[in-house]
Amino acid sequence: AQRVTQPEKLLSVFKGAPVELKCNYSYSGSPELFWYVQYSRQRLQLLLRHISRESIKGFTADLNKGETSFHLKKPFAQEEDSAMYYCASFSGGYNKLIFGAGTRLAVHP
Amino acid sequence: GAGVSQSPRYKVAKRGQDVALRCDPISGHVSLFWYQQALGQGPEFLTYFQNEAQLDKSGLPSDRFFAERPEGSVSTLKIQRTQQEDSAVYLCASSKPGTSRYEQYFGPGTRLTVT
Numbered sequence: 059a060q061r062v063t064q065p066e067k068l069l070s071v072f073k074g075a076p077v078e079l080k081c082n083y084s085y086s087g088s089p090e091l092f093w094y095v096q097y098s099r100q101r102l103q104l105l106l107r108h109i110s111r112e113s114i115k116g117f118t119a120d121l122n123k124g125e126t127s128f129h130l131k132k133p134f135a136q137e138e139d140s141a142m143y144y145c146a147s148f149s150g151g152y153n154k155l156i157f158g159a160g161t162r163l164a165v166h167p
Numbered sequence: 126g127a128g129v130s131q132s133p134r135y136k137v138a139k140r141g142q143d144v145a146l147r148c149d150p151i152s153g154h155v156s157l158f159w160y161q162q163a164l165g166q167g168p169e170f171l172t173y174f175q176n177e178a179q180l181d182k183s184g185l186p187s188d189r190f191f192a193e194r195p196e197g198s199v200s201t202l203k204i205q206r207t208q209q210e211d212s213a214v215y216l217c218a219s220s221k222p223g224t225s226r227y228e229q230y231f232g233p234g235t236r237l238t239v240t
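Listed in order, the protein sequences are those of chains A and B.
For reference, each letter of the first sequence is one residue, going 59 to 167 in the working numbering.
For reference, each letter of the second sequence is one residue, going 126 to 240 in the working numbering.
Because the hints were derived from the structure by calculation, they are not lab data.
Built from N, CA and C at the ideal position, the CB exists for glycine as well.
Please note that a few of the clues may not be correct.
What the hints assert, rightly or not - The list that follows gives simulated cross-link-like pairs (lysine to aspartate or glutamate, DMTMM-like), each with its CA atoms no further than 20 Å apart: (1) B:Lys221 / B:Asp181; (2) B:Lys221 / B:Glu210; (3) B:Lys221 / B:Asp188; (4) A:Lys115 / A:Glu125; (5) B:Lys182 / B:Glu169; (6) A:Lys115 / B:Glu228; (7) A:Lys67 / B:Glu169; (8) B:Lys221 / A:Glu90; (9) A:Lys73 / A:Glu138.
Unchecked claim - Here are the in silico distance ranges between beta carbons for each label pair: (10) B:Ser212 / A:Met142: 31 to 41 Å; (11) A:Gly124 / B:Arg147: 41 to 51 Å; (12) B:Glu177 / A:Pro133: 44 to 54 Å.
What the hints assert, rightly or not - Which chain A residues face chain B? A few, computed with CB under 10 Å, are given here: (13) Val62; (14) Pro65; (15) Tyr85; (16) Tyr97; (17) Ser98; (18) Gln103; (19) Arg111; (20) Lys115; (21) Lys123; (22) Gly124; (23) Tyr144; (24) Asn153.
Please put together the full structure from these sequences, using the hints given.
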């Protein structure tokens, strides 16, 4: 079965430090991968998708098919980046999303 | 414009009671999804509608769970004879294929607590 794994429940860093949130996937075809973010008391929202190869709020994520990874990176963390981050994979057919368990990013001043 | 809305935001039910959770998708969005998010977990797919047609209900955990979208807009997720393991946040999402096909817009969720 298709699976998305986020090995870290919590990632704690200081402001200005680099951040890497890990995501690994299992999928035999060509995956469609996303990062969703949920800020405190807000709804889940799309942060970025790999097909766009975009940088949003300083975050980037590169699909590495060899390592089946889609890690989320930011060179200098900000306090406002503190949130829950979910990696997700599109499951073909009806666009349903398969989510990882999530990583809580805490950025300290 | 308004985003996806869900009601009620919080629901406490005694074990064995039936509950109904409502989702109002973004106007014009033909695709509607329900997800269940248990504490400390990511959302898990329950069911999918395209307009009024329920095309995938493979994620519904038991026959106590039932979803409908009779007019292709508002959707209701019903849980009969609730059990403690049903306690979770129920998320609704909608999307509009043809534009940002892969972007699903999520509602705030309904937190169900079964006592």
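Now for the hints, and whether the structure bears them out:
1. B:Lys221 / B:Asp181: holds (17 Å)
2. B:Lys221 / B:Glu210: Cα-Cα ~32 Å, so violated.
3. B:Lys221 / B:Asp188: violated (29 Å)
4. A:Lys115 / A:Glu125: Not satisfied, since the Cα-Cα distance of roughly 25 Å exceeds 20 Å.
5. B:Lys182 / B:Glu169: Between Lys182 of chain B and Glu169 of chain B the Cα gap is close to 12 Å, so the pair holds against 20 Å.
6. A:Lys115 / B:Glu228: holds (18 Å)
7. A:Lys67 / B:Glu169: Holds, at about 17 Å.
8. B:Lys221 / A:Glu90: Holds, because 17 Å separates the two Cα atoms, which is no more than 20 Å.
9. A:Lys73 / A:Glu138: Satisfied, since the Cα-Cα distance of roughly 10 Å is no more than 20 Å.
10. B:Ser212 / A:Met142: 31 to 41 Å: Taking Cβ atoms as reference, Ser212 of chain B and Met142 of chain A lie about 19 Å apart, which means the hint is violated.
11. A:Gly124 / B:Arg147: 41 to 51 Å: holds (45 Å)
12. B:Glu177 / A:Pro133: 44 to 54 Å: Holds, at about 47 Å.
13. Val62: Interface hint status for Val62 of chain A: holds (8 Å vs cutoff 10 Å).
14. Pro65: violated (13 Å)
15. Tyr85: violated (15 Å)
16. Tyr97: Since chain B brings no Cβ nearer than about 12 Å to Tyr97 of chain A, farther than 10 Å, the hint is violated.
17. Ser98: It is violated, given that the least Cβ distance between Ser98 of chain A and chain B is near 13 Å, above 10 Å.
18. Gln103: Hint holds; Gln103 of chain A Cβ to chain B Cβ min 7 Å, cut 10 Å.
19. Arg111: This interface hint is violated because 14 Å lies over the 10 Å limit.
20. Lys115: violated (16 Å)
21. Lys123: It is violated, given that the least Cβ distance between Lys123 of chain A and chain B is near 18 Å, above 10 Å.
22. Gly124: Gly124 of chain A check fails; min Cβ-Cβ to chain B is 23 Å, beyond 10 Å.
23. Tyr144: The hint holds - Tyr144 of chain A has a Cβ within 10 Å of chain B, the shortest such distance being about 5 Å.
24. Asn153: Constraint on Asn153 of chain A satisfied, holds at 6 Å.
The structure shown violates the earlier hints numbered 2, 3, 4, 10, 14, 15, 16, 17, 19, 20, 21, 22.
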